[in-house]
Amino acid sequence: MEYLLKNGYVVDPVNKIDCERMDIAVKDGKIVESVDESKAKVIDVKNMLVMPGGVDLHSHIAGSKVNVGRLFRPEDHYKDYEVKSGVRRSGVGHSVPSTFTTGYRYAILGYTTVFEPATPPLKTLHTHDELNDIPIIDKACFPLFGNNWFVMEYIRDGKLEECAAYIAWLMRSIKGYAIKVVDPGGVEAWKWGITSQDFDQEIPRFGITPREIVRGLVKVNKMLGLPHPVHVHTNQLGIPGNYKTTLKTMDAVKDLATGDRSILHVTHVQFNAYGGVDYLSFSSHADDIADYVNKNPHVTIDIGQVIFGDTTTMTADGPFEYKLFNLLRGKWANADVEVETGAGVVPITYSRSNYVHAVMWCIGLELALLIKDPWRVFITTDHPNGGPFTEYPRVFSWLMSKKARERVLKRIPRLARVRTNLKDIDREYTFYELAISTRAATAKILGLSNKGHLGVGADADIAVYNINPKEVNPSADYKIVMQAFSRAYLTMKDGEIIVKDGEVVAAPVGRTYWVNAKAPKDVEDVVIPEVKKRFEEYYTVKFENYHIPESYLACSAPIQPLEPLG
Amino acid sequence: MAELKLKLKAPPQTPVEGEVLTPDNLAGRSLNEILNLETWRGNRRVKLSELFTVEGESASKPSDLHIIIEGDLRKVRHLGARMSAGKITVNGSVGTFVGFEMTGGTIVVNGDADAFVGMGMSGGVIEVNGNAGDAVGSGYWGTRCGMKGGLILVKGNVGTALGCWMKGGTIRVGGNADVFTGVRMQGGTIFVAGNVGAKLGAAMVDGKIVVLGNVPNILPSFHIDEIRPNTKVDGDKIEGPFYVFHGDITEGGNGKLFISVEKNPHLKHREAYIF
Chain A
1 MEYLLKNGYV VDPVNKIDCE RMDIAVKDGK IVESVDESKA KVIDVKNMLV MPGGVDLHSH
61 IAGSKVNVGR LFRPEDHYKD YEVKSGVRRS GVGHSVPSTF TTGYRYAILG YTTVFEPATP
121 PLKTLHTHDE LNDIPIIDKA CFPLFGNNWF VMEYIRDGKL EECAAYIAWL MRSIKGYAIK
181 VVDPGGVEAW KWGITSQDFD QEIPRFGITP REIVRGLVKV NKMLGLPHPV HVHTNQLGIP
241 GNYKTTLKTM DAVKDLATGD RSILHVTHVQ FNAYGGVDYL SFSSHADDIA DYVNKNPHVT
301 IDIGQVIFGD TTTMTADGPF EYKLFNLLRG KWANADVEVE TGAGVVPITY SRSNYVHAVM
361 WCIGLELALL IKDPWRVFIT TDHPNGGPFT EYPRVFSWLM SKKARERVLK RIPRLARVRT
421 NLKDIDREYT FYELAISTRA ATAKILGLSN KGHLGVGADA DIAVYNINPK EVNPSADYKI
481 VMQAFSRAYL TMKDGEIIVK DGEVVAAPVG RTYWVNAKAP KDVEDVVIPE VKKRFEEYYT
541 VKFENYHIPE SYLACSAPIQ PLEPLG
Chain B
1 MAELKLKLKA PPQTPVEGEV LTPDNLAGRS LNEILNLETW RGNRRVKLSE LFTVEGESAS
61 KPSDLHIIIE GDLRKVRHLG ARMSAGKITV NGSVGTFVGF EMTGGTIVVN GDADAFVGMG
121 MSGGVIEVNG NAGDAVGSGY WGTRCGMKGG LILVKGNVGT ALGCWMKGGT IRVGGNADVF
181 TGVRMQGGTI FVAGNVGAKL GAAMVDGKIV VLGNVPNILP SFHIDEIRPN TKVDGDKIEG
241 PFYVFHGDIT EGGNGKLFIS VEKNPHLKHR EAYIF
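Protein chains in written order, with the working numbering: chain A, 1 to 566; chain B, 1 to 275.
In short, the hints are calculated from the structure, not lab data. Don't take every hint at face value.
Unchecked claim - Within a straight-line C-alpha distance of at most 25 Å, the following computed DSS-like cross-link-like pairs (lysine-lysine) qualify:
| hint | chain 1 | residue 1 | chain 2 | residue 2 |
| --- | --- | --- | --- | --- |
| 1 | B | K5 | B | K47 |
| 2 | A | K159 | A | K533 |
| 3 | A | K244 | A | K79 |
| 4 | B | K155 | B | K75 |
| 5 | A | K79 | B | K148 |
| 6 | A | K331 | A | K402 |
| 7 | A | K39 | A | K6 |
| 8 | A | K79 | B | K47 |
| 9 | B | K232 | B | K268 |
| 10 | B | K47 | B | K7 |
| 11 | B | K61 | B | K47 |
| 12 | B | K148 | A | K331 |
| 13 | B | K75 | A | K84 |
| 14 | B | K199 | A | K331 |
| 15 | B | K155 | A | K84 |
| 16 | B | K7 | A | K79 |
| 17 | A | K532 | A | K542 |
| 18 | A | K331 | A | K372 |
As the list claims (entries may be wrong) - Listing some non-contacts, in silico: residues in chain B with all C-beta distances to chain A over 10 Å:
| hint | residue |
| --- | --- |
| 19 | L37 |
| 20 | N43 |
| 21 | E50 |
| 22 | K61 |
| 23 | D72 |
| 24 | E127 |
| 25 | G142 |
| 26 | N195 |
| 27 | P220 |
| 28 | D234 |
| 29 | V244 |
| 30 | I274 |
Don't be surprised by glycine CBs; every beta carbon is placed ideally from N, CA and C.
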């Protein structure tokens with residue numbers, strides 16, 4: 001099928017196109033130079049904003065912890081449900097939507113690629129089950145390595161090549177995409193009674209520090225040439241004063257950087273940019289972090305913006321969820337995944353009148369606004385930890401309009417206003433910067449060369465919003481911006497129309513990306529039998545049952561690793 | 001008050017959603033419009049005309065409308081859900097979720113009601129002249145807040161978890177209640193004229209439970225305070241005497257149990273702990 005999107009205002013940062021009136025031609029799922037206008041279906045998108053399909057690199061959409069969130073929060077769903085209609089299946093929404101609803105709602109926002117950022121390797125079969133069910137969007141999952149016994153033992157023994165071989169084998173076996181590190185060593189240390197693992201404190205029984213884990217994994221990532229840098233959730237998340245840990249983590253790998261390429265992605269930094277010593281002296285240190293990121297090109301971050309309202313926090317950081325549970329005394333689910341990681345789920349309501357929550361809200365926006373280069377700071381809500389992804393348009397409006405921010409600032413506690421810098425920041429995102437932060441840059445950092453842009457040869461993932469970027473002034477008319485971004489006028493995925501005027505009209509199966517990582521064969525030949533032997537000692541499952549065959553994925557899209565970075 | 005009479009043509013085989021049958025929804029509509037309203041039967045949308053015959057007249061304001069429904073409504077759920085005014089009378093038994101999240105008005109059931117009567121309600125009156133099922137006056141699954149206000153009257157017996165997570169309002173039961181009455185209660189008043197099951201007031205933090213009948217035991221996490229000759233429920237004086245317990249101390253709670261002395265001789269040993 002051929003399409004021609006006519007007369008839209010195209011924003012395509014990769015190709016340096018900023019709100020230019022252009023036609024976009026689509027043929028066989030790809031963007032092409034031109035199509036025969038008589039044969040192609042012409043869609044008039046005059047005076048509308050045309051962007052590449054959104055790419056979200058951190059959103060908990062699938063996996064066992066997400067499912068625990070669904071199961072133990074019936075109250076989250078019952079007011080937000082969708083009835084079967086047309087191509088859509090029924091489902092429930094809100095902070096932990098059901099799989100089908102997740103796909104539809106992302107498509108309605110104009111997002112076409114979403115990555116699940118934390119899956120315990122042992123439970124990845126479940127993650128793939130859910131990813132298979134999520135329609136429309138392309139997706140992938142990042143396996144967790146930060147508390148993996150194999151990894152920690154290899155790093156302790158200085159066997160980085162063997163570690164790389166193990167990770168390559170695991171990445172291939174369970175169809176993972178990137179190395180995710182959550183609270184390196186901290187989840188393991190919790191089993192020995194340490195609730196707050198310091199970055200330079202030894203992990204009991206293993207005798208290494210989180211610093212060594214992060215450094216080791218960054219080296220391994222480079223050896224394997226994985227397309228995405230190491231994705232880190234730092235130690236001491238959520239604890240006042242943790243901005244120092246974040247800076248230490250970023251600085252720990254500075255000497256390993258090569259060129260301008262990012263080697264470390266620090267995720268949901270809003271949760272790790274706190275000052276003070278307790279929740280009374282809680283303050284924002286977003287400026288320090290932004291300062292560091294501005295000066296050092298080897299790190300990228302995403303913000304993890306908080307949205308006021310009810311949501312569910314879920315992370316592989318078990319000790320953090322335990323601390324949160326002790327603060328809130330509500331529901332709490334916890335899991336220990338054998339030798340790999342842990343996880344926890346706790347519901348939370350972010351309240352505008354709560355001083356701590358208000359400061360958290362400010363920090364996320366400060367980070368996005370103080371970091372000058374939009375290619376290195378991405379907009380997320382760490383769905384559903386900061387808020388559901390359906391609230392992205394609200395975040396866009398806050399970033400694009402000082403007026404919108406001030407409207408909220410007026411209503412938060414005075415102390416929160418005074419102790420953060422948000423009130424003094426005048427910067428407002430342009431449509432161009434927004435497109436970078438939500439599409440172009442995220443696709444680039446994920447190593448997806450045919451996503452996040454509208455150049456010839458790219459996947460025809462296109463989002464059209466009913467807003468005229470030449471006429472609408474987002475700074476004043478932030479409500480129009482919010483409305484336009486919450487219902488895409490048209491979402492195209494692989495050259496097929498998915499959403500028309502905010503309604504889902506087709507729900508094809510999306511790809512599941514994974515990296516076909518490889519280590520030198522001689523090393524793998526030694527490592528795999530060794531792993532197999534240890535499997536018998538450590539695991540409750542058989543080595544043979546651990547592997548997930550490619551045929552299990554609904555639409556498998558293997559990616560070859562990049563050239564190793566020396 | 002304008003009366004609108006609905007008669008069920010035949011008892012449905014599959015569950016029917018009754019949310020549409022509230023004065024708020026039907027007021028200001030002609031009979032024809034009412035017959036053309038849609039609701040769910042199983043997974044299909046059906047018109048009310050397929051389920052009911054309608055007589056009488058509608059009122060312009062919900063508060064002036066009295067809906068009378070005849071028939072076996074045991075498969076009809078969410079009857080009177082979220083209603084704010086007016087009156088519904090059911091001559092027959094109804095299904096689950098009667099008066100779900102209602103904020104005002106009156107529902108009278110001249111028959112039995114299934115589980116979750118008045119779930120999450122914050123105002124109004126529900127009168128059940130038969131028995132009621134489990135979790136009367138509770139909250140939706142997973143929420144930490146049950147009934148917040150209003151009054152539920154049940155003539156007969158009720159099932160388990162009466163007033164679970166209840167935060168306000170009053171529940172009066174003429175018959176017996178099953179186990180876990182007032183579990184996790186945070187406020188409001190429960191009055192049971194008959195007997196109750198075990199685990200009375202488990203994990204309650206506030207509120208008041210009055211039991212005139214027999215209680216198999218009192219949880220060890222409740223302290224005995226005193227013996228009182230009488231107590232009050234919504235201003236009505238109830239003659240005792242009553243053992244007064246407070247708890248549940250495992251939750252640091254300050255709930256009160258008023259247990260009839262006369263019907264519970266097995267609690268006499270607790271009197272030794274009154275200081």
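Query raised in the report: So which hints don't hold here, by number, going up?
Result: Violated: hints 3, 6, 15, 16, 18, 20, 25.
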